[in-house]
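Here the protein sequences come in this chain order: A and F. My numbering puts the first sequence at residues 1 to 93. My numbering puts the second sequence at residues 1 to 371.
These aren't lab readings, by the way, just hints derived from the structure by calculation. Don't be surprised by glycine CBs; every beta carbon is placed ideally from N, CA and C. Hints may be right or wrong, so weigh each one.
Selected chain F positions facing chain A (in silico; Cβ < 8 Å) [said to hold, decoys possible]:
| id | residue |
| --- | --- |
| 1 | Thr5 |
| 2 | Leu7 |
| 3 | Arg10 |
| 4 | Leu15 |
| 5 | Ala16 |
| 6 | Ala17 |
| 7 | Gln64 |
| 8 | Gly94 |
| 9 | Ile115 |
| 10 | Tyr117 |
Label-pair restraints from in silico Cβ distances [unchecked claim]:
| id | chain 1 | residue 1 | chain 2 | residue 2 | range |
| --- | --- | --- | --- | --- | --- |
| 11 | F | Lys348 | A | Pro19 | 47 to 57 Å |
| 12 | F | Asp149 | A | Lys79 | 43 to 53 Å |
| 13 | F | Glu291 | A | Leu40 | 49 to 59 Å |
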Amino acid sequence: MSLSTIRVFDASAPWRVSPQVSLRDESFGALAYNHDNRRLVFLKSAQLVALIRQLDGYESVNDALDALIPTGQRERYVKALASLVTSEILCGR
Amino acid sequence: MGADTSLRNRFERGLAAPICLTWELTYACNLACTHCLSSSGRRDPNELTTAQAKALIDEIAAMQIFYVNIGGGEPMMRRDFFELVEHAVAQHVGVKFSTNGTRIDAAAAQRLAGIDYLDIQVSIDGADAETSDRIRGVGSYKAARRAMDHLADARFGPFKISVVMTRDNIAQLDAFERLAAHYGAQLRLTRLRPSGRGVDVWESLRPTSAQNRELYHWLLERPHVLTGDSFFHLSALGDPLDGLNLCGAGRVVCLIDPVGEVYACPFVIHDEFRAGNVRDQGFGAVWRESELFKSLREPGSAGACSSCGSYDACRGGCMAAKFFTGLELTDPDPECVFGHGETALAKKRVVLRRVPSPDHSRRVAVAISSR
Ligand code: SF4
Ligand code: SF4
Chain A
1 MSLSTIRVFD
11 ASAPWRVSPQ
21 VSLRDESFGA
31 LAYNHDNRRL
41 VFLKSAQLVA
51 LIRQLDGYES
61 VNDALDALIP
71 TGQRERYVKA
81 LASLVTSEIL
91 CGR
Chain F
1 MGADTSLRNR
11 FERGLAAPIC
21 LTWELTYACN
31 LACTHCLSSS
41 GRRDPNELTT
51 AQAKALIDEI
61 AAMQIFYVNI
71 GGGEPMMRRD
81 FFELVEHAVA
91 QHVGVKFSTN
101 GTRIDAAAAQ
111 RLAGIDYLDI
121 QVSIDGADAE
131 TSDRIRGVGS
141 YKAARRAMDH
151 LADARFGPFK
161 ISVVMTRDNI
171 AQLDAFERLA
181 AHYGAQLRLT
191 RLRPSGRGVD
201 VWESLRPTSA
211 QNRELYHWLL
221 ERPHVLTGDS
231 FFHLSALGDP
241 LDGLNLCGAG
251 RVVCLIDPVG
261 EVYACPFVIH
271 DEFRAGNVRD
281 QGFGAVWRES
291 ELFKSLREPG
301 SAGACSSCGS
311 YDACRGGCMA
321 AKFFTGLELT
331 DPDPECVFGH
341 GETALAKKRV
351 VLRRVPSPDH
361 SRRVAVAISS
371 R
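Please model the entire structure based on the sequences and the hints provided.
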């Protein structure tokens, strides 16, 4: 784990799926595998998978949430994204 | 990863591709361990060719199987071993490979250390030569230690030391931990199952119930010790051990043997659990469409375990352990921590299922070459 990849999640910044990560669709969502640290993470919602796949196209996570996620569910997604930063599935860009 | 019920239920219905795919590269082996799960020894003349093996790797990569566990036999007995490993890694398929260590000399260790996405497990079955060699053959412990020394000298990084737990080595748990620490290695402990030649030694080598309890508590205190989810039948003793705690056969786990046969798991190399051959259909079609795998993904009945308060933790245990000891798949695990397996075994007066379909055991013992 290199220090530069550990960053605190900030929803006003732009994020993306790390280039070290492969996503494999599954009926429950997807498997995310980080080839660098060899960690396997289970993404348990198809909406979450769709969201992270599209992060790249938005200036910030907040913009992506505005466009893609109903307001009432926002907090849940921010939490999920923050945990994906901790497990190095997402990285800053 | 703690036990997550919703995820586990999904897993029981099967995934788009396996997570834990084992590929036994060859049945050839220069050792003759008494508990060999694949009854290895002689090379099968029908082994996948280099071209077929590479095509299989390409399909594994296309299915997004992120890593493959390579075993045998002794995988390094294949002349194209490095070619295949390097091909896999080049397609971003990580390799975890299991070896008896006899072929890891200084040069091989250097080459292995240069490959990214490669994990190595060196097998021993005792913390000293006497205990280990009783199972793996005279000279095998020394050869494995020599391999570990070479890997350390080549700065391979943290390799794994893999041990099958037996009646004779559970008392050595702390010694294994010290050995791993000595090399900066990770310790990996797995369950002795009555698979392959294991059926012949299972009765005499399997841990006693007191030893299994000791092992359970030892593991609970050491979540960093790897187990490949081997001991989930012991989770019925209390807090669940780390892992998914389910039998993944045909759902998340799968085996491809050296001739391309696909089995539900590495521990069930037997006609009953053969799903197809990669040469006929390709691996993906077998995984997705075989009738056997579809039936394994149906919600199972808890059978004789349905009234057990610990069913959620143990799920009735290991299918392979039941099958090869002659139990029904709806029976309790033969090593059920509440003794229900013993009762089932006694009631059946079973014949062990002794004929693991392809048996590649060598008929005469050979000496280990020293290199
Ligand atoms: S009765 Fe079945 S579910 Fe309960 S502990 Fe024994 S094997 Fe596991
Ligand atoms: S049959 Fe046994 S070894 Fe194979 S996946 Fe199931 S529990 Fe694991």
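- Task: Have a go at the Arg10 (chain F) hint: is there a Cβ in chain A nearer than 8 Å to its own Cβ?
- Result: holds, 4 Å
- Cβ distance range 47 to 57 Å for Lys348 (chain F) and Pro19 (chain A), holds or violated: holds, 55 Å
- Task: Go through the hint on Ala16 (chain F) and say holds or violated, using the shortest Cβ distance to chain A against 8 Å.
- Result: holds, 5 Å
- Does Leu7 (chain F) meet its interface restraint, that is, does its C-beta lie within less than 8 Å of any C-beta in chain A? holds, 6 Å
- Query: Can the suggested window of 49 to 59 Å be confirmed for the beta-carbon pair Glu291 (chain F) and Leu40 (chain A)?
  - Reply: violated, 29 Å
- Item | Supplied contact hint for Ile115 (chain F), tested at 8 Å Cβ to chain A | violated, 13 Å
- May I ask you to test the interface hint for Gln64 (chain F) with respect to chain A, counting a Cβ-Cβ separation under 8 Å as satisfied? holds, 4 Å
- Beta-carbon spacing of Asp149 (chain F) to Lys79 (chain A) - inside the hinted bounds 43 to 53 Å or not: holds, 47 Å
- Query: Should the hint that Thr5 (chain F) touches chain A count as held when the rule is a Cβ pair under 8 Å?
  - Reply: violated, 12 Å
- Item | Hinted contact Gly94 (chain F) with chain A - closest CB pair below 8 Å | holds, 7 Å
- Message: Under 8 Å is the threshold here; is the Cβ of Leu15 (chain F) close enough to any Cβ of chain A for the hint to stand?
- Response: holds, 6 Å
- Task: Could you check if Ala17 (chain F) really has its C-beta closer than 8 Å to a C-beta on chain A?
- Result: holds, 7 Å
The structure fails hints 1, 9, 13 (numbered hints given earlier, in ascending order).
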